[in-house]
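Next come the chains, spelled out residue by residue.
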Amino acid sequence: MSFWLIQTLNGLSFGVLLFLLAAGLSLIFGLMRIINLAHGSFYLLGAYVAIAVAGKTGNFWLALVAAPLAVAVVGALAQRSLLNRVADNELGQVLMTFGLLLVISDVSLLVWGGAPLTLEKPAALEGSVQLAGAFFPIYRLAIMAFGALVALALWLFIERTRLGAVLRAGVDDPEMVQGIGINLPLVLSLVFALGALLAGLAGALAGPILGAAPGADFAVVMLAFAVVVVGGLGSLKGAFWGSMFVGLVDNFGKALVPELSLFTIFVPMAMVLVIRPTGIFGRS
Amino acid sequence: MQSTSRVQLVQLLLFGAALYVVSLALPPYWTGLLTEALIWSLFALSLDILLGHAGLPSLGHAAFYGMGGYAAAIGFLKAGCGFWFSLALGVGAAALLALIFGLLALRTTGVYFLMITLALAQILWGVAYSWRSLTNGDDGLRSITRETTEFLGLRFGDTGDYFLFVLAVFVLAAAAILVLLRSPFGQALRGVRESTERMEALGYNTWLYKLLAFVIAGALAGLAGVLFVFNKNYISPEAAGIVMSAEVMLMIILGGAGTLFGPVIGAFVIVFLSYLVAELTERWTLILGAIYVLVVLLAPRGVTGLYEDLRLRWKRRSAR
Chain A
182 MSFWLIQTLN GLSFGVLLFL LAAGLSLIFG LMRIINLAHG SFYLLGAYVA
232 IAVAGKTGNF WLALVAAPLA VAVVGALAQR SLLNRVADNE LGQVLMTFGL
282 LLVISDVSLL VWGGAPLTLE KPAALEGSVQ LAGAFFPIYR LAIMAFGALV
332 ALALWLFIER TRLGAVLRAG VDDPEMVQGI GINLPLVLSL VFALGALLAG
382 LAGALAGPIL GAAPGADFAV VMLAFAVVVV GGLGSLKGAF WGSMFVGLVD
432 NFGKALVPEL SLFTIFVPMA MVLVIRPTGI FGRS
Chain B
238 MQSTSRVQLV QLLLFGAALY VVSLALPPYW TGLLTEALIW SLFALSLDIL
288 LGHAGLPSLG HAAFYGMGGY AAAIGFLKAG CGFWFSLALG VGAAALLALI
338 FGLLALRTTG VYFLMITLAL AQILWGVAYS WRSLTNGDDG LRSITRETTE
388 FLGLRFGDTG DYFLFVLAVF VLAAAAILVL LRSPFGQALR GVRESTERME
438 ALGYNTWLYK LLAFVIAGAL AGLAGVLFVF NKNYISPEAA GIVMSAEVML
488 MIILGGAGTL FGPVIGAFVI VFLSYLVAEL TERWTLILGA IYVLVVLLAP
538 RGVTGLYEDL RLRWKRRSAR
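In the order they appear, the protein sequences are chains A and B. Heads up: the first sequence runs through residues 182 to 465, numbered per the working numbering. Heads up: the second sequence runs through residues 238 to 557, numbered per the working numbering.
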């Protein structure tokens with residue numbers, strides 16, 4: 182019993198991290214038709230910067246704020262100076278983000294080396310709580326609570342604010358949005374920066390449990406990619422349920438059938454693609 | 238059209254002959270590099286059937302390269318198949334996989350097609366990575382040797398002789414691609430690329446044309462995968478991964494899509510650059526990443542596109 186409870190909680194807390202990644206990936210795709218393969222690099226960069234900041238200042242909370250902001254700046258720069266220039270070239274954009282992935286991974290290797298690094302947990306979130314006879318780390322519970330808050334904030338932002346309305350309109354009819362005098366290029370940069378910020382936040386949050394190491398960028402972007410394929414590109418709801426699903430399947434897959442752990446993610450993904458190519462919550 | 242493709246066939250033969258002459262003067266290390274560049278060239282040409290002619294940007298083409306390589310390796314190591322049978326097995330398996338993936342992926346277009354081909358290729362990568370009892374996981378399969386194979390007096394164990402075999406396969410395959418793309422089939426493919434609706438209205442079954450192109454491209458990528466596996470005596474899941482799929486795409490864009498020599502130029506540039514840079518610095522990944530960004534930014538139609546632009550400009554200037 183406690184095995185199932187613990188694994189479920191582990192899966193959900195990983196799902197929350199995936200949601201932070203997939204939400205940005207999905208928003209960026211919905212608005213700009215960019216398949217951002219560098220999204221995992223934003224995650225890894227967030228983890229590295231958080232570790233660096235926490236190492237210098239000894240303050241976890243400062244690191245948690247500084248790292249996503251730094252990554253958002255990197256994202257905004259990449260969007261404005263590079264991706265924006267080839268906005269009408271879909272294939273070119275994908276290749277460009279792949280180039281960025283390679284550049285960021287090699288620069289990270291140069292700066293932080295090849296050995297895995299971890300972020301120190303804040304003292305307030307050390308320890309475990311007892312749940313139905315099993316011990317569960319407080320930090321993972323905190324991630325889940327925090328992720329739920331971010332999901333709620335994002336939903337409110339998109340559904341209830343003026344800028345959110347512009348975003349939704351931009352997905353449906355970009356020309357009309359420009360036509361009524363909205364500075365769409367600025368909105369696009371903001372969304373790209375927001376996506377990068379969320380990915381950086383996921384990286385910083387994952388710092389104490391998953392750490393940062395070369396190759397995490399690839400692994401994470403492929404999982405986030407599986408999430409949006411299952412949930413549907415451009416849909417926040419899809420990103421949420423897709424993340425929970427992939428988080429759980431990945432976790433139980435690794436715990437129950439380690440031989441087939443990657444298989445367990447990609448087979449549901451393939452099945453969704455066969456039955457509904459636009460994803461469960463995607464619009465066709 | 239007729240005459241240009243005849244010219245291209247002659248150019249192809251001249252290219253093959255020139256490479257042969259050059260290889261005679263080179264030490265085995267460089268001949269090995271030429272072999273590698275030719276295998277990448279074949280891989281790139283196979284993808285260009287889809288990208289440059291049918292207008293299908295597949296971001297998962299390494300799936301078929303990996304499938305060809307793995308099927309040949311497994312046939313060779315576990316079923317005791319010889320070189321030729323392994324080769325046939327690899328090409329056949331890649332074609333079959335392309336048929337399945339094509340049926341799934343061709344339900345979408347544009348950027349969704351990019352996504353789905355990438356996702357499908359990831360499945361194959363995941364299988365190669367996870368199914369340890371068959372594929373040995375990320376350690377890969379080793380000792381797929383070509384030492385005992387001989388053909389028309391060529392001993393494949395010898396680097397120079399294997400290069401000649403790969404060169405012959407490359408020239409034959411490239412000629413076959415040329416003939417195929419000149420045929421009514423190739424014309425129809427380009428018609429599909431320009432306007433699917435119009436081709437439908439003319440009574441073409443565009444879906445079938447695309448599927449056939451997908452299977453042919455997959456089979457040729459599988460052939461490249463088989464040649465690769467016997468060249469390196471080794472295969473690992475990376476052969477089917479996103480890095481390979483993106484790199485072969487880069488080669489086509491760098492050289493120029495939809496041309497015969499564009500993908501070949503791209504393949505040669507990247508392969509030789511990677512070895513030259515590796516001699517100087519460990520930062521090849523960084524440089525390769527920068528090449529991706531710069532090519533998309535500065536030469537989205539590739540080297541051949543730049544050449545055309547320059548030629549046009551020069552013509553206009555001399556006409557003045």
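Please note that a few of the clues may not be correct.
[Stated by the list, open to error] Label-pair distances were calculated between CB atoms; the ranges are: (1) Asn-270/A x Arg-554/B: 41 to 49 Å; (2) Arg-341/A x Ala-413/B: 56 to 64 Å; (3) Arg-349/A x Gln-248/B: 34 to 42 Å; (4) Asn-265/A x Ala-316/B: 48 to 56 Å; (5) Ala-400/A x Tyr-512/B: 53 to 61 Å; (6) Leu-298/A x Ala-413/B: 48 to 56 Å; (7) Glu-431/B x Ser-262/A: 54 to 62 Å; (8) Leu-251/B x Gly-392/A: 22 to 30 Å; (9) Arg-343/A x Asp-546/B: 39 to 47 Å; (10) Leu-513/B x Leu-298/A: 30 to 38 Å; (11) Ser-242/B x Gly-392/A: 21 to 29 Å; (12) Thr-241/B x Asn-270/A: 38 to 46 Å; (13) Glu-431/B x Gly-392/A: 47 to 55 Å; (14) Tyr-471/B x Leu-298/A: 53 to 61 Å.
Just so you know, the hints here were simulated from the structure itself, not pulled from any lab data. Using N, Cα and C, we set each Cβ at its ideal position, and we do this for glycine too.
Hints versus structure:
1. Asn-270/A x Arg-554/B: 41 to 49 Å: violated, 28 Å
2. Arg-341/A x Ala-413/B: 56 to 64 Å: holds, 60 Å
3. Arg-349/A x Gln-248/B: 34 to 42 Å: violated, 53 Å
4. Asn-265/A x Ala-316/B: 48 to 56 Å: Since the Cβ atoms of Asn-265/A and Ala-316/B sit about 53 Å apart, the hinted range of 48 to 56 Å holds.
5. Ala-400/A x Tyr-512/B: 53 to 61 Å: Violated, at about 28 Å.
6. Leu-298/A x Ala-413/B: 48 to 56 Å: holds, 52 Å
7. Glu-431/B x Ser-262/A: 54 to 62 Å: With a Cβ separation near 33 Å, Glu-431/B and Ser-262/A fall outside 54 to 62 Å, so the hint is violated.
8. Leu-251/B x Gly-392/A: 22 to 30 Å: At 55 Å between Cβs, range violated.
9. Arg-343/A x Asp-546/B: 39 to 47 Å: Once the Cβ atoms are compared, 45 Å apart, the range 39 to 47 Å for Asp-546/B and Arg-343/A holds.
10. Leu-513/B x Leu-298/A: 30 to 38 Å: Cβ of Leu-513/B to Cβ of Leu-298/A: about 33 Å, so the range 30 to 38 Å holds.
11. Ser-242/B x Gly-392/A: 21 to 29 Å: violated, 56 Å
12. Thr-241/B x Asn-270/A: 38 to 46 Å: 27 Å Cβ-Cβ, so the 38 to 46 Å window is violated.
13. Glu-431/B x Gly-392/A: 47 to 55 Å: holds, 50 Å
14. Tyr-471/B x Leu-298/A: 53 to 61 Å: Violated - the Cβ-Cβ distance for Tyr-471/B and Leu-298/A, about 31 Å, lies outside 53 to 61 Å.
Violated hints, in rising order: 1, 3, 5, 7, 8, 11, 12 and 14; the structure is consistent with all others.
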